[in-house]
Amino acid sequence: MLSEMTSLFPSLEILSSRPSLTRQHEYLFHHPHENCWIRVLKSDVSTRDYTMLASFFTEVPYTPSPSTPTMERWIRFLEGTGNSPIGNKTEIRAIHLMLRNVDVEELEDAVNAFFDDSMQFVYISADQAVLIEQKSTYIQTTEDLASFVSALEADFFMKTKLYIGKFHTADNCYHTKFAKEAEWFLQGITLLPKERIFTMELLFPSFFIRQASQEMYEMLQREILEPIGYDDSMLDTVRAFFENGFNASVTSEKLHIHRNTLNYRLAKFQETTGISVRNFDGALVAYCASLLASR
Numbered sequence: 648m649l650s651e652m653t654s655l656f657p658s659l660e661i662l663s664s665r666p667s668l669t670r671q672h673e674y675l676f677h678h679p680h681e682n683c684w685i686r687v688l689k690s691d692v693s694t695r696d697y698t699m700l701a702s703f704f705t706e707v708p709y710t711p712s713p714s715t716p717t718m719e720r721w722i723r724f725l726e727g728t729g730n731s732p733i734g735n736k737t738e739i740r741a742i743h744l745m746l747r748n749v750d751v752e753e754l755e756d757a758v759n760a761f762f763d764d765s766m767q768f769v770y771i772s773a774d775q776a777v778l779i780e781q782k783s784t785y786i787q788t789t790e791d792l793a794s795f796v797s798a799l800e801a802d803f804f805m806k807t808k809l810y811i812g813k814f815h816t817a818d819n820c821y822h823t824k825f826a827k828e829a830e831w832f833l834q835g836i837t838l839l840p841k842e843r844i845f846t847m848e849l850l851f852p853s854f855f856i857r858q859a860s861q862e863m864y865e866m867l868q869r870e871i872l873e874p875i876g877y878d879d880s881m882l883d884t885v886r887a888f889f890e891n892g893f894n895a896s897v898t899s900e901k902l903h904i905h906r907n908t909l910n911y912r913l914a915k916f917q918e919t920t921g922i923s924v925r926n927f928d929g930a931l932v933a934y935c936a937s938l939l940a941s942r
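Every number in the numbering used here is 647 more than the matching position in the sequence shown, counting from 1.
Keep in mind the hints are simulated off the structure, nothing from the lab. Hints are not guaranteed to be accurate.
Within a straight-line C-alpha distance of at most 16 Å, the following computed EDC-like cross-link-like pairs (lysine to aspartate or glutamate) qualify [to be verified]: (1) K782 with D764; (2) K806 with D750; (3) K808 with D791; (4) K736 with D818; (5) K808 with D764; (6) K813 with E738; (7) K915 with D879; (8) K915 with E873; (9) K841 with E890; (10) K782 with E738.
With the hints as constraints, model all of the structure from the sequences given.
Printed below as a string of structure tokens:
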């Protein structure tokens, strides 16, 4: 049916994830059975066509965003329909925000108070916003952004997840990079629901293990997961040890366990599997197994 619709509506797009930008001149529908989104220009859809589409699919309503001329220029640029508001030689990165319980005015005030003039706030929809950072002598660190997320939750009761994009030149190709980051962000929220701050580096191992062959799955199951009985505490420990750079003190603190407990679990893992997570090769295999177990 979807393939037939493309011949009826020339502008129709079938998307595997919800688009990061909502646009007033388009309809957006969700196909729950296929778990995909359908985007089509309103100019291609008659009243009769709309009735038909709405009967088969769930319309995602357009949420008008409070906007300024500057913000509108940024939105057009990010969706690929306008020029860069700051010239096409400046390097920028997008900090993608996914929010709940958001008050837009409070959010904008919080951005201005926390970052001064170093971030351009762009409100996308009821649950999405973007911070645009220009490359300068000081770049906001992951710790800075983590503090911002904590402040939103503590002071404004806004539940927030955040994706830190990479710096790219603000040219007419930037919107494709922006869209890909937004797609990775949405996938990451599904793959790693407990995380609050996402990066490409964080998501890549999960994306990689999702593409692994059946033979690799069976190897990890046979050599690691089955011998340890899919022990969550042991898997969480080896994963945290890898993610914290093999630093026992930091890992113990993050897991809220005594260092002796950490050492016991790592030793037990090695005794059971024959794999030492204190060297990179063993830690990498164990980390992949922990990702497989969390799927």
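To see whether the hints hold, each was checked on the structure:
1. K782 with D764: holds, 13 Å
2. K806 with D750: holds, 11 Å
3. K808 with D791: Within the cut-off at roughly 14 Å; holds.
4. K736 with D818: holds, 7 Å
5. K808 with D764: Between K808 and D764 the Cα gap is close to 22 Å, so the pair fails against 16 Å, i.e. violated.
6. K813 with E738: holds, 10 Å
7. K915 with D879: holds, 13 Å
8. K915 with E873: Judged against 16 Å, a Cα distance of about 14 Å means the pair holds.
9. K841 with E890: holds, 15 Å
10. K782 with E738: holds, 6 Å
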